[in-house]
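Novice: Add chain B to chain A, keeping to what the hints say.
Listed below, chain by chain, are the residues.
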Amino acid sequence: MRIGRIERRKGRTAAKIDDHYVSPSGYKTQLMGSCKVDTLAKAQKTHFIDVMSIDRDGLMNLVYKMWEPNSYRRNDMGAVRFKTLGLAFALVGAASAADARDLTVVSFGGALQDAIRAAFIEPFTASSGTKIVEDTYDGALSKISAQVETGAAKWDVVDVESNQLIQGCQEGVFEEINWSSLGDTSKFLPAAKDTSPCGVGFLTGAMVLSYDKAKLAEGPQTWADFWDVNKFPGKRGLRFTPKGTLEIALMADGVPAADVYKTLEDPAGVDRAFAKLDQLKPNITWWKLGAESIQQLASGEVAMTASFNGRIVAANRGEKREFDMVWNAGSIYFMDYFAILKGSENKEAAEKFIAFALGADAQREFPKHVGYGPTNLAAFEGMDAAIVAELPTQERLDASTFRNDQFWLDHNDELTQRFNVWAAQ
Amino acid sequence: MPRITRSGIAAAWLLTPAVLAAVVCLIVPLAMFLVRGVSNAEIVNALPRTLTSLTAWNGEGLPPDEVYADLASDLRHAAGSGSLGELARRMNFMVPGYRTLVMKTGTQLKGDVPESRPALISIDKRWGEPEVWQLLRLESGRWTDSYFLAALDRKRSADGDVVTVQPDQRIFVDLFIRTFVISVSVTVLCLLLGYPAAYLLALAPRRWLGVLLVLLLLPFWTSTLVRSTAWIVLLQNEGLINRILQGIGIVDAPLPLFANRFAVLVAMTHVLLPYMIMPLYGAMKAVPPDLVRAAGSLGANPVRAFFRVYLPQTYAGIAAGVLLVFILALGYYVTPALVGGPRDQMVSYFIALYTNESLNWGLASALGTLLLFATALFYVVFSRFARVGAEAR
Numbered sequence: 001m002r003i004g005r006i007e008r009r010k011g012r013t014a015a016k017i018d019d020h021y022v023s024p025s026g027y028k029t030q031l032m033g034s035c036k037v038d039t040l041a042k043a044q045k046t047h048f049i050d051v052m053s054i055d056r057d058g059l060m061n062l063v064y065k066m067w068e069p070n071s072y073r074r075n076d077m078g079a080v081r082f083k084t085l086g087l088a089f090a091l092v093g094a095a096s097a098a099d100a101r102d103l104t105v106v107s108f109g110g111a112l113q114d115a116i117r118a119a120f121i122e123p124f125t126a127s128s129g130t131k132i133v134e135d136t137y138d139g140a141l142s143k144i145s146a147q148v149e150t151g152a153a154k155w156d157v158v159d160v161e162s163n164q165l166i167q168g169c170q171e172g173v174f175e176e177i178n179w180s181s182l183g184d185t186s187k188f189l190p191a192a193k194d195t196s197p198c199g200v201g202f203l204t205g206a207m208v209l210s211y212d213k214a215k216l217a218e219g220p221q222t223w224a225d226f227w228d229v230n231k232f233p234g235k236r237g238l239r240f241t242p243k244g245t246l247e248i249a250l251m252a253d254g255v256p257a258a259d260v261y262k263t264l265e266d267p268a269g270v271d272r273a274f275a276k277l278d279q280l281k282p283n284i285t286w287w288k289l290g291a292e293s294i295q296q297l298a299s300g301e302v303a304m305t306a307s308f309n310g311r312i313v314a315a316n317r318g319e320k321r322e323f324d325m326v327w328n329a330g331s332i333y334f335m336d337y338f339a340i341l342k343g344s345e346n347k348e349a350a351e352k353f354i355a356f357a358l359g360a361d362a363q364r365e366f367p368k369h370v371g372y373g374p375t376n377l378a379a380f381e382g383m384d385a386a387i388v389a390e391l392p393t394q395e396r397l398d399a400s401t402f403r404n405d406q407f408w409l410d411h412n413d414e415l416t417q418r419f420n421v422w423a424a425q
Numbered sequence: 426m427p428r429i430t431r432s433g434i435a436a437a438w439l440l441t442p443a444v445l446a447a448v449v450c451l452i453v454p455l456a457m458f459l460v461r462g463v464s465n466a467e468i469v470n471a472l473p474r475t476l477t478s479l480t481a482w483n484g485e486g487l488p489p490d491e492v493y494a495d496l497a498s499d500l501r502h503a504a505g506s507g508s509l510g511e512l513a514r515r516m517n518f519m520v521p522g523y524r525t526l527v528m529k530t531g532t533q534l535k536g537d538v539p540e541s542r543p544a545l546i547s548i549d550k551r552w553g554e555p556e557v558w559q560l561l562r563l564e565s566g567r568w569t570d571s572y573f574l575a576a577l578d579r580k581r582s583a584d585g586d587v588v589t590v591q592p593d594q595r596i597f598v599d600l601f602i603r604t605f606v607i608s609v610s611v612t613v614l615c616l617l618l619g620y621p622a623a624y625l626l627a628l629a630p631r632r633w634l635g636v637l638l639v640l641l642l643l644p645f646w647t648s649t650l651v652r653s654t655a656w657i658v659l660l661q662n663e664g665l666i667n668r669i670l671q672g673i674g675i676v677d678a679p680l681p682l683f684a685n686r687f688a689v690l691v692a693m694t695h696v697l698l699p700y701m702i703m704p705l706y707g708a709m710k711a712v713p714p715d716l717v718r719a720a721g722s723l724g725a726n727p728v729r730a731f732f733r734v735y736l737p738q739t740y741a742g743i744a745a746g747v748l749l750v751f752i753l754a755l756g757y758y759v760t761p762a763l764v765g766g767p768r769d770q771m772v773s774y775f776i777a778l779y780t781n782e783s784l785n786w787g788l789a790s791a792l793g794t795l796l797l798f799a800t801a802l803f804y805v806v807f808s809r810f811a812r813v814g815a816e817a818r
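In order, the protein sequence lines correspond to chains A and B. With the working numbering, letter number 330 in the first sequence gets 330, and the count goes up by one each step, no holes. Here the working numbering = 1-based position in the second sequence + 425.
Extracted from the complex, chain B is given alone in its bound form:
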């Protein structure tokens, strides 16, 4: 434990900008992002009176007349204040068509409509059905778990039990598995290709090292988008590789190289490879070449010398590279979107879809949070595993 000194405290002040930057740029946005995944603000803000009076209702049949009057009053107020649109969007996430129900009712209530049960039912007969009321009763709290349930293909039934959604809406569990499988595959491929490449770099004579490093770094400096697009040109049916293969008569019909898992693995491995090679190279430079020679002179054959002497000394580099590549791969978006097919889209694709297109930020946030926790979990488990590995050698 280092002793806290006066100069130490003074030096710590120099960290203030970094700490502030972390709070403002990372911790605060992250917290707000997490909150959005459980916040029920749209409903609570728009329907304060309705939710209060709904608590007296036992959930059977239809709620009493006062609830209708409160709802009409809330909706009329929401239509005037502009919170109606948010409510409509929120309700539509739960049941398709509720957007129109809410908007229509709110807009008509702007006119001279009495705040009563018959008036609401005459605007839309869905107000006379129990479903919408049961839903409101379920979602009457300040916080909601519906986004996280949706992100795991679950929802709450009318009586509050968690049930699996119908098969044609089940997507996210598969999606997380798929994201994980792609990331693991890419990491393994990067390690298999990167290890020999880094070894070559570490052994290369000084005059070749510069050239090799440029060859490695040049693609690294090129935009991911450009590199991914280049693979389209190479891999598609009418692309370069298929043309050449057909031209020299190796295949008759074009090989399915594009818009599938193969293309995603190739392109992602290509994009992420430098992140594996760099830490490996760093680790290998630190390995004294004498040790392998010493192993040889003590009777180990080259294979044994490699696995018993050389490899364990690069564990730290492997751990860093694997961690880096795997975590980057988990969040990949552009490359699978460009070269992958419908079966190869990863979690980020859906986060973007829900953020930009349907504006379902709650669900996007829930998906992002689950991805974040998966990444954090992996980090903790893997770094422990790596430490144990490093100590064992």
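Just chain A, with the same shape it has in the complex:
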């Protein structure tokens, strides 16, 4: 079976199979098969194929979409279906008619993606006329590197966390940022620019000590209070991972926020963190998902917890909770970054989108939709005081420590293993 040309008509993709036009309306079929990576990369350019999953060694499963013929002349439905089925086996000879793809922005879904849409995507489309397609993923770098390796990228701008950013930049799956395209970067937090040459931080979040003011009038002030179960009875919520937890243990042991990573670099510092965690161990209720930590705090399962400020703000705004955030205890803050996939065919539009998202107006709008702070401090000028009160401001960040993902890239495997051994004892 021969594949004909792929054409664009009236902005819609039409595939010409032999002499039948198929258009993207209605009926969809999915097929699975497998073929070599390079073959698929070539075929992908013709827009037929939506890769579902890829194995790095060369064989892949694929799902492709095909479309119902609008105006078939001779054949009945069955015959056309049969011809389209032939496509799967004719991929080898696939024509490579380049088909311009819309700028695609990818984040983690949920409230965060809603905020990105409301504060960045919709205003950007309104002001520039650039159409944006959205997608979601779970943050796994493998999902990105698989696309770049096969040369079949469907995404342009991705929301990544710092460890994936550093790692991905080292492994060459992201473009380097053209900093001059971003306009005025003088008010950016340093970590928004310094973490990696491949990404720009666009939000600040923090793991912060929180408790329910409705249940506890005189709340804890420090992480040492968090450890003090005599003064504040009840369970403590901590995330079931060493990342963040070891830092908190050290702060509870009297290490200033600024010195946490210096201490952890020394093996004795790691021992010290585990020894401190030992003291609290019987009183810890571990959480794995952010939603769990909020649920535990709301139900009174735990008296206080270390959770993400965005989650806490969402509970306060949405469910009218009175969860207080103790910024002065010292938090561990982090950023989400925008990065551009290597070889993106919409690189220029992607840069414009990122520049827009980092502008003071978009950054001021963003915290209205989700409880994360801006990385462009210019956004704080003229921001509603009630919203500023919920966010990691400059002073609050000064009392905190920036999560050192370079440290965690080097030590995560070893410390996760040790943490799991410790937790299971």
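None of these hints come from the bench; they were simulated from the model. Be aware that one or more of the hints could be misleading.
What the hints assert, rightly or not - A short list of chain A residues far from chain B (calculated; beta carbon distances all over 10 angstroms):
(1) W286
(2) K288
(3) Q394
What the hints assert, rightly or not - Taking lysine-lysine pairs in the BS3-like style, the calculated list, with each CA pair at most 25 angstroms apart, reads:
(4) A/K231 <-> A/K281
(5) A/K193 <-> B/K529
(6) A/K262 <-> B/K550
(7) B/K535 <-> A/K262
(8) A/K193 <-> B/K535
(9) A/K320 <-> A/K235
(10) A/K352 <-> A/K131
(11) A/K131 <-> A/K347
(12) A/K368 <-> A/K213
(13) A/K154 <-> A/K143
(14) A/K193 <-> A/K215
(15) A/K352 <-> A/K213
Note that the structure is predicted; figures quoted are calculated from it, not measured. Just so you know, even glycine gets a beta-carbon here, dropped at the ideal spot from N, CA and C.
Specialist: Below, chain B without anything else, positioned relative to chain A:
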């Protein structure tokens, strides 16, 4: 032995899609998965020259200058081709911090640095220590056993002997034992609860059977995630059960029902119970009720009639149910992750952790392979045992 006929061959062609599907969807991915657990490709691909010249080194002190020059040249090449990141990740699995060592060296070599021993040592002094070279010498083959050793809490020392890792890193042997213990417990619980339930189904009059089957199948059709989450609502300290118990004054403080082994056993048994009941029900439907009556009329009391006549006829159902539940339980992930505590996570949790978080696919593959072999071994032993049991009756 059936005779091979022409029509038989023609009929066999109809199996082609099934055979192809098995090869493409099962055998090929499985083989690649197994290979990943022993493949040393990251090192071999990134450092071809270094590994060749290292073979001349006897492993004492530091290697000669040529090895340094080859390493610098390999790293410079790797930094240009993008294989540096994979090498860095691979090296970091063996010694924490080697990621930075490799990345830093590779990145600096992109500039105008000479390919020599002093240049490498000035980039990072760890190149002047024997450890990294001994490690490279150990891992210079096309294949490696380090992932499988790691999956059994073992590693190779500098002189190549297999040694146990330090106590604060020992986790996997316990993990396999724990996975096995949980799976056996769940299987036993399912059998104890499922047998009477299946018996009830088999005896139920026709008009009740439909209702009972729906009651059985309704949870079966509900997502595992939903059912596991429901147990959180019931079992946690502020959950329904503890509230009721405290409300009617049976207990003062909440009972520890959640985030422990109890919760895992309850939730997993609940999720897996239908897999036990269905084969049991099938086996029991095939038992003629006359036989138990006949045993009674020949003088057996009901207990004796059950154990001597009824039970042996359901052995096939028991074997199928036990096999199904045990094998499914071995691979369980969501339920223990949701309702269990740190002491209740099973092998799959760590496979997911190493696949998604640290991208240590070699170790994930080794763990998966060991689990697969344990399952296969169980299957072979158990099905033999079940056959012997069936023949003995």
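Novice: When the structure is checked against the list of hints, which entries are broken? Sort them ascending.
Specialist: 1, 2, 7, 14, 15
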